[in-house]
Amino acid sequence: MEDNHIVDLYFQRDERAIAESETKYGGYCTRIALNILDNVQDAEECVNDTYLRAWESIPPTRPTKLGAFLGKITRNLSIDRFKARKAAKRGDSLFFASLDELNECIPAGSTGFGGGFDEETEARRIGECINRFLRKQSGEMQDVFICRYFYSDSIGEIARRFGLSESKIKSMLYRARQKLRKYLESEGIRL
Amino acid sequence: MTYEQEILARAMSYIDDDMVLAAHAPRKKIRRVIPVVAAACLIAAFAVAFPTLREVINTNSDILAPEDGLLDNENGVFDSKEELTYIGQQLPVTMSGSTLTLLNTTETTATFRLEKTDDTPVYAMLYDRRGGVLASTEPGYKDNGVVIRPNTVRLYINGADQPVFQFPTAPGSYEITVDFTSIRNGTYPMRECIGLYTYIGDESDAVTNNFSLAVLPVIETETSADTSADTTQTP
Chain A
10 MEDNHIVDLY FQRDERAIAE SETKYGGYCT RIALNILDNV QDAEECVNDT
60 YLRAWESIPP TRPTKLGAFL GKITRNLSID RFKARKAAKR GDSLFFASLD
110 ELNECIPAGS TGFGGGFDEE TEARRIGECI NRFLRKQSGE MQDVFICRYF
160 YSDSIGEIAR RFGLSESKIK SMLYRARQKL RKYLESEGIR L
Chain B
745 MTYEQEILAR AMSYIDDDMV LAAHAPRKKI RRVIPVVAAA CLIAAFAVAF
795 PTLREVINTN SDILAPEDGL LDNENGVFDS KEELTYIGQQ LPVTMSGSTL
845 TLLNTTETTA TFRLEKTDDT PVYAMLYDRR GGVLASTEPG YKDNGVVIRP
895 NTVRLYINGA DQPVFQFPTA PGSYEITVDF TSIRNGTYPM RECIGLYTYI
945 GDESDAVTNN FSLAVLPVIE TETSADTSAD TTQTP
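Top to bottom, those sequences are chains A and B. Numbering follows our numbering, in which position 128 of the first sequence is assigned residue number 137; successive positions increment by one, without gaps. Numbering follows our numbering, in which position 232 of the second sequence is assigned residue number 976; successive positions increment by one, without gaps.
So here's chain A without its partners, still in its complex pose:
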């Protein structure tokens, strides 16, 4: 079913909207959640919560890209759950690995107390900055960066996907992180 038809179902408060969302984007959302949570049950719960959140948001929101809309909800819910885990310990989750790497993007002069904004405003402000940064990169660099830091895909998976060596992917990401840090600094971002 086309996205706009699924969205219409949400607007009509037709519960088939959830079933159609699951059919079309269930696998996509589960993968996002699994990469972050590294736990099937937690991932499934997050994906189910995603549909509920979408049900609550549509209407009034009318997403133009339903997949990205659901994927972002899943991602945010998964990060919430990741953070809330009492027993959150270091592990081999792909998300841990990407978090470690993101340390390299933290602008100099950051204090760990943010720029005086609440977390959501801060994240949005930096997200817009990252958007501008990514728009200046090559298409391949954009895709590799997003696979790693939005989807938390493994290096090996990205390498296979793009037909490049793992070393090449690591190098691309390393350089992207360096550039992003410099870009954030040039934009006056401090965390």
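Beta-carbon label-pair distances, calculated as ranges:
# : chain 1 : residue 1 : chain 2 : residue 2 : range
1 : B       : Tyr-918   : A       : Ser-195   : 33 to 39 Å
2 : B       : Leu-765   : A       : Glu-137   : 17 to 23 Å
3 : B       : Tyr-747   : A       : Asn-140   : 19 to 25 Å
4 : B       : Asp-762   : A       : Asn-112   : 25 to 31 Å
5 : B       : Val-908   : A       : Thr-32    : 54 to 60 Å
6 : B       : Thr-850   : A       : Asn-48    : 36 to 42 Å
Here are the simulated SDA-like cross-link-like pairs (lysine to any residue), alpha carbons at most 20 Å apart as the crow flies:
# : chain 1 : residue 1 : chain 2 : residue 2
7 : A       : Lys-191   : B       : Tyr-867
8 : A       : Lys-92    : B       : Ser-757
9 : A       : Lys-92    : B       : Tyr-758
Calculated directly from the structure, the hints in this document are not laboratory data. For every residue, glycine included, the Cβ atom is placed at its ideal position computed from N, Cα and C.
Starting from the known structure of chain A, arrange chain B on it as the hints suggest.
Okay, now just chain B, sitting in the frame of chain A:
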């Protein structure tokens, strides 16, 4: 998860929808279709042109094992040029006036010879199996070449222990040893696989040369020209 990590992780959720979807859209795989026979001839030509490679092939067939990448030919084709340009130890790679040769490896070290005729910078980064950077020689990264994660590696240049993980830039001849003993001793617990990625200047040639470290199976090194164009524009 630190505050900074969380903000950056959440900021990724604000990446525009079109880029998010494009990154995960089905990709059309571009293959260089080279018949196996032609590829084999190419390898043979390499072996003839470079006697030391032939020696390496003869003395250590592991170096050409499929898992090393060279013969990773699904359905009889090579996937990329990178895999075709694989070479073994003792074969110099020259880029931008600098020649780097992997001399030897032990269970805890990899030793290179760096011959520099100009001041083109040579950089290296050491990464772990998950892609995290352990050390970088590139100035400007954390202000200097540094060991980012302590107790992972030591660098010796002409036998002298270096306080920072930084390659020489001045013309000259250098013997560079990267010592992974700390990892071997378990000081750094992450370790089943690390890699050393080396690049020279801004060479535009896209050749990538992989060195196999037969003696040091948990470690891979790769030397490459830097082909990534810096398109970042600072407003």
